[in-house]
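Visitor: Sequence:
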Amino acid sequence: MRIVAGLLLLAMAALFLIAHRYVEVHPAWGYVLAFAEAAMVGGLADWFAVTALFRRPLGLPIPHTAIIPENKNRIADTMAAFLQANFLTPAVVARRMRAMNVARAAGDFLSGTGSGSGLQSRVREGAGELLAEILESLDPERLGGQVRAGLGAQIEKLEVSPLLGRALSAAIADKRHLPLIEGLIRWAGLTLEDNEEMVRAMVSQRSNALVRWAGLDDRLASSVLDGIYKLLAEVLVDPDHPLRRKVQEGLENLAHDLEHDPVMRARVEETKRELLANPALGQWWMGVWERMRQRMIDMARNPQMEGGGWLASALAELGSALHRDPRLQRQVNRFARRTAVGVTSRYGGQIVQLVSETVRRWDGRTISDRIEGAVGRDLQFIRVNGTLVGGLVGLTIHAVGQLL
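Every position in the sequence shown, counted from 1, becomes a number in the numbering used here once 286 is added.
These are computed hints drawn from the structure, not numbers from a lab. We put the beta carbon where it would ideally sit given N, CA and C, even for glycine. Be aware that a few hints might be false.
Restraint ranges, calculated between C-beta atoms of paired labels, are given here [to be verified]:
hint	residue 1	residue 2	range
1	Met572	Glu419	44 to 50 Å
2	Leu517	Trp571	39 to 45 Å
3	His312	Asn372	34 to 40 Å
4	Ala552	Val510	35 to 41 Å
Let's have the full structure, built from the sequences with the hints guiding it.
Guide: See below:
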C-alpha cells in the first residue's frame, strides 16, 4: 500500500505536467490541471502527516515530527495508565467475571459436550503425557524426599495415639476385631506346628536327668504340645471362651489407654518420633515412592493398561460434573471471580509497570515499526484518500471559480 500511495502521487504529478502543457488547447484541461494540482498537495500533505508520526520527513529536523519515537516514554506511561484504569481494576474485573460462566465453559470443554471434541480429547490425552514428562523431569530422590518431608511434618503435628484408640474402640464395637483374633489364633497354631522340634528340645533341656533317663521328656513335650493345640482349638471355636474374653478385655483397655492415658500417649508419640527419625523407614519410603512414580508414569502413558487413562477419565468426569451441577458452577465461578479480583488488586500495578517498562526499553525505531505494523494498511489509505479527496476539492474550487 505504501507503493500504491507513492505511485498514485507520481501519477498526479505526471497528470499535472500533461495538463499544464495542454491547458491552452481546451478549457477542460483547466479542470484536469486543478484536480492534479490539488491532488498533489493533498497527497504530499498526508504523506508528511503520516511520516511525521514515526520519523523525520526526509531526515530534516522539522519541529513536532517523529512524534512517537520522541514521546515513547510518555506513550508508555499513558498506555499503562489506560490499561490500569479501564481493565485492571477490581470493579471492572469483577463485573466482567460476573457475566461469565467460567465453570460451565470449562465443563463443556473437558466433558466434550461443547464444540471441538477432537481438541478436547487431545487435551485429556495430552494431560497424561504432560504428567508423565513432569514426573520424569523432576529429580526422583529430591521429589521423594520432599514428599516424605511433607508427610513427616504433617504426621509430626498429628497426635496418633487418640486416633488409634478411637479406631480400635470402633472396631471392637462393630466386632471387626474378631477376624483379627481368629487370625492370630490360627497363626499361633501354625507357628507352633512349624516349631514343634524346638519346643520338644526346650522341654527336654529343662527336664531333670531322671526324666530324660526314663524317656519321659518326649511324652512330657507331647503332652504340652497337645494341651496347647487343644487350648487354641477351643478358643477358636468357642466365642465365649475365657481366654477370648481376656484378649478382648485387653484390647478394650488398650483402646482406653491410647485415648486417655497420658503415659501411654507419650509412649506412642515417642515411638512415632523414633520411627520418623529411623533411616530405615526413609529408605523404605524411597523404594515405595519410586514404585509409585513409575506406576503413575506407566498409567499416564498407557491408557490401555489396568488403571491407565485415569487422568483423562478424571478430567472428563470433572467436566461432566461442572456441566450439570449449577451449585458446583456457582462455587467455582465465585472462586474464579475472587481469584481474578485478588490477582488484579495484588498484581495489577506490577502488570502495568511491566507494560510501561517494556515500552520504555524499546528504542524509537522499534516502537515506530511495531505501531506502524499494527496499524498497517490504513496509514497508506490515508495518503490515497488524501490524494483523491484533495483532487476533488481542487476540481470543485476550479469549477466554482469558473462559475463566478
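Visitor: So which hints don't hold here, by number, going up?
Guide: As far as the earlier hints go, 1 and 3 are violated by this structure, in ascending order.
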